[in-house]
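Peer 1: Taken in order, these protein sequences are the chains called P and S.
So the first sequence is numbered by numbering that gives the first Met the number 0: it starts at 0 and just counts up by one.
So the second sequence is numbered by numbering that gives the first Met the number 0: it starts at 0 and just counts up by one.
No lab work stands behind these hints, which were simulated from the structure alone.
One thing to keep in mind: the hints can contain errors.
Per label pair, the in silico range of CB-to-CB distance [as the list claims (entries may be wrong)]: (1) P:L127 - S:R261: 39 to 49 Å; (2) S:R194 - P:G27: 52 to 62 Å; (3) S:G235 - P:T16: 42 to 52 Å.
Facing chain P, according to a computed beta carbon distance under 8 Å, are these residues of chain S, among others [said to hold, decoys possible]: (4) A41; (5) R42; (6) N52; (7) A73; (8) A76; (9) G78; (10) D94; (11) D104; (12) V265; (13) P266.
Bear in mind the structure is a predicted one, so any value in this text is a computation, not a measurement.
Using N, Cα and C, we set each Cβ at its ideal position, and we do this for glycine too.
Number of protein chains: 2
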Amino acid sequence: MAAGGHVIDAIQYSNWTRAHFEEWHQGGLTAVGVTIAYHETARETLTRLAEWNARLVEHADLICPVRSPGDLDAARADGRVGVLLGAQNCSPIDDDVGLVQVMADAGLKVMQLTYNNLSPIGAGCAELDDPGISRFGREVIAEMNRVGMVVDLSHSAERTTLEAIELSRRPVAVTHANPRAFTDTPRHKSDKVLRALGETGGMLGFSLYPPHLPEGAATTLERFAEMVADTAEITGVGCLGLGTDTCRGWDGRTLDWMRNGRWRRVPEAERHELAETPWPAPPSWFQSPADTPALAEALRARGFDAGEVDAIMGGNWARFLDAALAPAPDPGCGPTKGPTG
Amino acid sequence: MAAGGHVIDAIQYSNWTRAHFEEWHQGGLTAVGVTIAYHETARETLTRLAEWNARLVEHADLICPVRSPGDLDAARADGRVGVLLGAQNCSPIDDDVGLVQVMADAGLKVMQLTYNNLSPIGAGCAELDDPGISRFGREVIAEMNRVGMVVDLSHSAERTTLEAIELSRRPVAVTHANPRAFTDTPRHKSDKVLRALGETGGMLGFSLYPPHLPEGAATTLERFAEMVADTAEITGVGCLGLGTDTCRGWDGRTLDWMRNGRWRRVPEAERHELAETPWPAPPSWFQSPADTPALAEALRARGFDAGEVDAIMGGNWARFLDAALAPAPDPGCGPTKGPTG
């Protein structure tokens, strides 16, 4: 069981250099979830894993891998920031349920069932229609439960999200999304989803990606704290954490890859325009992960007590991940879901 | 450190069914190294890994994975046969040094630097010329040393083999080959290689593949014991083990894949002939792994004492593998090679 004192951001995707890992230390982070794939196939994901393995060796004084229960506490005790690798799509398993374990063994510990589009598992939040979880999807969720790979529903559509929460024998995560009550688009989560997360021991990571915030980059820090407080009324505090979706060092070409991958042709002019587009500017109070302590301060100012602030800043993710990364004790039957302890 | 009482066969490649795992139990085996790739690319190797993961779940009452130090003893204590996955070629890493760790993490713990042909690392035993270990090969050996993947030189040519023994900071394995003094072809190992293995704490697994035996399937069990005894004079007993190269349930189409892969075109008539060819018949005294105890009996009859028989039957492999599967304590510098303890 992870001890207290964790500061965890469930999702970032930057154009990684050592400076980003130094910012993590400046922000007091103890662990960060990083995205390694949006549309990558199994083979391409191997290269992304190899790149991260090399970073973890080169910057071993600053960062270390999080793959198993206990790794979070070990990283923190060591004064290093733990790195948890994840994918925002099911493309890394190439439609093969057997690749869930292979990828988990190789270090991929979190996987979204869908990105924005329909996948062989279910529907993404930008899809035309939402058929819920497919036959293959049921097999994949069971296999993820068995091996200890976190089911992430951040980009999934409503029915797909609700069915996945219901079908998963282990609590699931929404690593980065906000309540629709604050940002009313299909990318965000309805009260029904939030309640289901709270009732099953799931997790919601609040996103600071400007387009996810109610007033974009102009959203105030007080408004962020209000969003957390209002959500806690629905889910309970034990369900909440950070998933800032911080993306540093990119321009619009990366947005192009995220949005368009290889699933649609993008006219040359539009590609050029995307390449010229700077990344959305962050709010003034969260210019980089070095500003993470400001979030805790805002939660305290909003009236959360010290234990609640610790829980939201990382304690909840630490507890969730320590349980989630363990293989299911009985391979045929994962742990029963229960409310957050 | 693995305790005594192990019976280990370093290499088999069968058309796996439950019956083969039952034969392992009948033969008193505690662990078996199995080949999962001859010419498979990285992507294809993922599928082979997934197939083995599924077997390990389906037959969990009989077999369990060997991936880390201690797994051999745990398997034996559990009454299950440990399974160590390996490749007979470097094709699984797709010429990418970063895939060494990715594949090791995914469960591939042994890798030949070459099969019969030239690889980007060095030359195989059937190659026209032998340039020794390449620039890439030096990087791959260092990386295998770092992550704890066993360097296997069974099919490598002479210079490549000797240079790999010299370059590797950790002892290497020849999982399946015999001394050239008994079977004089480039597939087998010269006295020079045998001495180098003995001096560096390496291992030689004796092959029972009929074409590897001096008189083929007609080779007597006494002759096998003589081969072991004569080799021990060169290497010492601590260097020796079994690597039977048992292949069950195949016909000549599998030989076709092994020999020809996709590197040469095989005329239709030759393919047809290969398909019609039965697998080489085994010697009468080793029809299947269920006959493994006969090998120990023959070694005793030849004059090896009880401790030496235990060592050759599995104790040496257990000691070697327990050390080999641990990541190097200092990532920049693997353990110094030393003579077998």
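Peer 1: Report holds or violated for the interface hint on D104 (chain S), using the least CB-CB distance to chain P and a cut-off of 8 Å.
Peer 2: With a closest approach of 5 Å, the D104 (chain S) hint holds.
Peer 1: Go through the hint on V265 (chain S) and say holds or violated, using the shortest Cβ distance to chain P against 8 Å.
Peer 2: Constraint on V265 (chain S) not satisfied, violated at 27 Å.
Peer 1: Closer than 8 Å between Cβ atoms is the bar; does P266 (chain S) clear it against chain P? Give me holds or violated.
Peer 2: With a minimum Cβ separation of about 32 Å from chain P (threshold 8 Å), the hint on P266 (chain S) is violated.
Peer 1: Classify the hint on N52 (chain S) as holds or violated, based on whether any CB of chain P lies nearer than 8 Å to its CB.
Peer 2: holds (5 Å)
Peer 1: Let me know if the C-beta of R42 (chain S) comes in closer than 8 Å to any C-beta of chain P, holds or violated.
Peer 2: holds (5 Å)
Peer 1: Per the CB criterion, is A76 (chain S) less than 8 Å away from chain P?
Peer 2: violated (20 Å)
Peer 1: Against chain P, is A41 (chain S) within 8 Å by beta-carbon distance?
Peer 2: Given a least distance of 6 Å, the restraint on A41 (chain S) holds.
Peer 1: Given G78 (chain S) was flagged as interface, is its beta-carbon under 8 Å from a beta-carbon of chain P?
Peer 2: Given a least distance of 19 Å, the restraint on G78 (chain S) is violated.
Peer 1: So, D94 (chain S) near chain P? Judge it on the closest CB pair being under 8 Å.
Peer 2: Since chain P brings no Cβ nearer than about 12 Å to D94 (chain S), farther than 8 Å, the hint is violated.
Peer 1: Report holds or violated for the interface hint on A73 (chain S), using the least CB-CB distance to chain P and a cut-off of 8 Å.
Peer 2: violated (15 Å)
Peer 1: If you check the beta carbons of G235 (chain S) and T16 (chain P), does the distance land in 42 to 52 Å?
Peer 2: holds (51 Å)
Peer 1: Is it true that R194 (chain S) and G27 (chain P) lie within 52 to 62 Å of each other by Cβ?
Peer 2: holds (58 Å)
Hints 7, 8, 9, 10, 12, 13 from the earlier list are contradicted by this structure; the remaining hints agree with it.
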